[in-house]
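J.: So you can see what is in the structure, the chains are spelled out below.
Protein chains: 2
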Amino acid sequence: MSLFTRKRSDSVASLGEQSLIATIRQWLGSAAPESPMGMGDDCAQLPPTSKRQLVTVDPVVYGRHFDDSIAPRHVGEKLLKRNLSDIAAMGGQPTAAVIALTLDPRTKLAWLELFYRGLAACARKYEVKIVGGDVAQAENHFSASLTMLGTATSKRVLTRQGAQIGDSLYVTGRLGGSLASGRHYRFKPRLIEGAWLVKQSNVVAMMDLSDGLGKDLRSLTPNGARARLDQNSLPLNKGCDVRAALSDGEDYELLFAVSAQTKHVIFQRKWRQQFPRVPLTRIGELVSADDADEPSLNLECYFGYEHLR
Amino acid sequence: MSLFTRKRSDSVASLGEQSLIATIRQWLGSAAPESPMGMGDDCAQLPPTSKRQLVTVDPVVYGRHFDDSIAPRHVGEKLLKRNLSDIAAMGGQPTAAVIALTLDPRTKLAWLELFYRGLAACARKYEVKIVGGDVAQAENHFSASLTMLGTATSKRVLTRQGAQIGDSLYVTGRLGGSLASGRHYRFKPRLIEGAWLVKQSNVVAMMDLSDGLGKDLRSLTPNGARARLDQNSLPLNKGCDVRAALSDGEDYELLFAVSAQTKHVIFQRKWRQQFPRVPLTRIGELVSADDADEPSLNLECYFGYEHLR
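These protein sequence lines are chains C and U, in that order. First residue of the first sequence? That's 0 in numbering that gives the first Met the number 0, and the numbers climb one at a time after it. First residue of the second sequence? That's 0 in numbering that gives the first Met the number 0, and the numbers climb one at a time after it.
If you're looking for bench data, these hints aren't it; they were derived computationally from the structure. Keep in mind that a hint or two might mislead.
Said to hold, decoys possible - Straight-line C-alpha distance at most 30 angstroms; calculated BS3-like pairs for lysine-lysine: (1) C:K50 <-> U:K50; (2) U:K154 <-> C:K50; (3) C:K198 <-> C:K262; (4) C:K6 <-> U:K214.
As the list claims (entries may be wrong) - Computed footprint of chain U on chain C; a stretch qualifies when at least three of its residues, placed anywhere within it, have a C-beta under 8 angstroms from a C-beta of chain U: (5) 90 to 101; (6) 111 to 120; (7) 135 to 145; (8) 152 to 160; (9) 164 to 173.
Here a beta-carbon is modelled for each residue, glycine too, at the ideal position from N, C-alpha and C.
Model the full structure from these sequences, guided by the hints.
T.: Dropping the structure here:
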């Protein structure tokens with residue numbers, strides 16, 4: 000479905016801001032709680048919390064993250080799930096979100112309805128409350144920026160810091176070909192897996208794969224170390240080669256490091272008992288940057304997705 | 000200063016995403032705490048809180064909220080202060096914020112630096128930590144959407160709900176002419192005043208004035224009531240008439256209702272002792288919608304700013 004329309008009566012301009020906001024609340028339905036916990040005031044209110052809190056923000060931009068070939072409900076789902084994947088990467092659980100919409104007045108109402116209904120269905124599934132937002136105008140543009148709040152599910156939170164030389168590297172699922180296959184909007188954020196991993200004390204660092212393993216790995220690799228990957232062990236999606244797995248991006252899988260002392264047979268067995276249908280692959284390890292071994296894969300050659308280039 | 004440049008070496012495209020984000024952290028300086036409380040991971044972490052939490056989101060969009068005639072540092076300040084005004088309107092105090100940037104690769108680096116330095120100086124002044132963000136690309140576009148978190152300063156939070164027939168209406172400061180005078184970016188969010196008002200038990204409802212008193216008043220007016228304003232009492236900015244005070248918008252003053260039992264002389268004296276330099280004006284009261292009195296001001300004629308029209 001095309002995003003913009005020339006017919007004023009089909010566009011958001013036919014409603015104006017006030018009615019549009021009221022209509023959005025209807026589309027969101029039970030995903031949008033009543034005031035004071037929800038929309039309708041200067042701020043939304045959230046209850047106090049005894050847990051550590053998490054905050055992340057990610058947008059979808061027309062022409063960058065989606066185009067007219069993607070169903071609007073999938074765009075809405077993608078917006079929510081991109082952020083859920085960040086919460087998953089810390090071992091957290093989502094609580095509430097706000098959405099800032101910046102759109103051309105020619106945006107088609109029917110498109111926007113499907114976008115919000117897709118987002119709302121997804122929010123209900125993952126128990127996220129949409130508590131507020133903003134609508135602003137811009138010409139020839141549509142973007143929606145979602146800020147997601149969450150809480151820790153455990154006493155600790157996993158970050159990108161914490162891996163050491165000797166640690167093994169694991170990824171969930173399979174990599175590559177996300178855009179071509181539609182997985183970039185059909186993926187399932189690894190919330191349950193992340194919340195389980197944060198409770199395993201031998202998991203020492205974690206992140207989600209959004210720009211491609213080749214680029215993202217650098218964030219998990221401490222100074223003085225490098226990642227030595229076994230290119231034959233990389234879990235490839237159908238039709239993908241090593242380059243695709245390293246560079247395509249938007250995999251939304253978890254990448255994590257487990258400590259050198261780990262008994263991998265036992266760790267992997269525990270995983271299979273918990274998540275029999277989610278592949279888990281040990282893809283390599285962290286070695287000293289001066290390690291003389293010939294790398295099986297020269298990561299310098301794989302850049303992943305670099306924005307603004 | 001113009002926002003976009005044709006010279007690639009002067010633009011954000013010359014840096015690319017990774018270096019741009021590192022550069023933004025430098026510009027933010029001490030306003031951006033270190034990881035894990037700040038940028039650099041999938042989510043920012045915030046400590047638990049025993050207070051009720053507040054969340055709001057507001058953007059600045061090029062061509063809507065600012066243009067090339069506004070100094071970039073004022074744009075950054077405005078982005079922060081628009082959100083602070085929402086926190087003030089609930090009687091809260093700000094804690095942390097995340098910023099989603101959507102920009103053309105031709106955005107001038109020098110412009111962006113001044114924008115972030117202005118925002119950072121303002122964040123330090125109001126003790127807000129910039130804990131995270133996102134950078135995304137869009138053609139011919141610049142917008143920045145800021146999500147602000149805060150906490151209640153008192154056991155209660157003031158909302159737009161709670162006013163009754165018989166209550167008096169007050170506004171802080173003076174109204175009108177915000178765009179022409181530059182007050183739309185020079186204003187001071189009423190955080191201290193809001194935090195004081197939330198502790199006065201006779202203040203029963205509050206909001207900030209962003210779209211103009213004529214429009215915003217409707218949100219504070221309960222069903223079955225109407226606002227009877229004394230047009231001679233409206234606190235006008237220099238060069239402004241009643242229409243400007245009701246319709247211009249972007250005043251970022253507080254509008255609130257105090258209960259019918261209030262001794263106004265005492266209330267106003269307490270205010271003057273606290274805030275000798277901030278005007279406070281009783282502008283009218285809430286009467287029954289069927290009240291036969293001829294209104295001195297027919298609010299139906301003043302619409303305020305309606306977006307997307």
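J.: Hint by hint, say whether it matches the structure.
T.: Tested hints:
| no. | hint | verdict |
| --- | --- | --- |
| 1 | C:K50 <-> U:K50 | holds (13 angstroms) |
| 2 | U:K154 <-> C:K50 | holds (20 angstroms) |
| 3 | C:K198 <-> C:K262 | holds (16 angstroms) |
| 4 | C:K6 <-> U:K214 | holds (28 angstroms) |
| 5 | 90 to 101 | holds (count 6) |
| 6 | 111 to 120 | violated (count 0) |
| 7 | 135 to 145 | holds (count 8) |
| 8 | 152 to 160 | holds (count 4) |
| 9 | 164 to 173 | violated (count 0) |
Consistency with the previously given hints fails for numbers 6, 9, ordered from lowest to highest.
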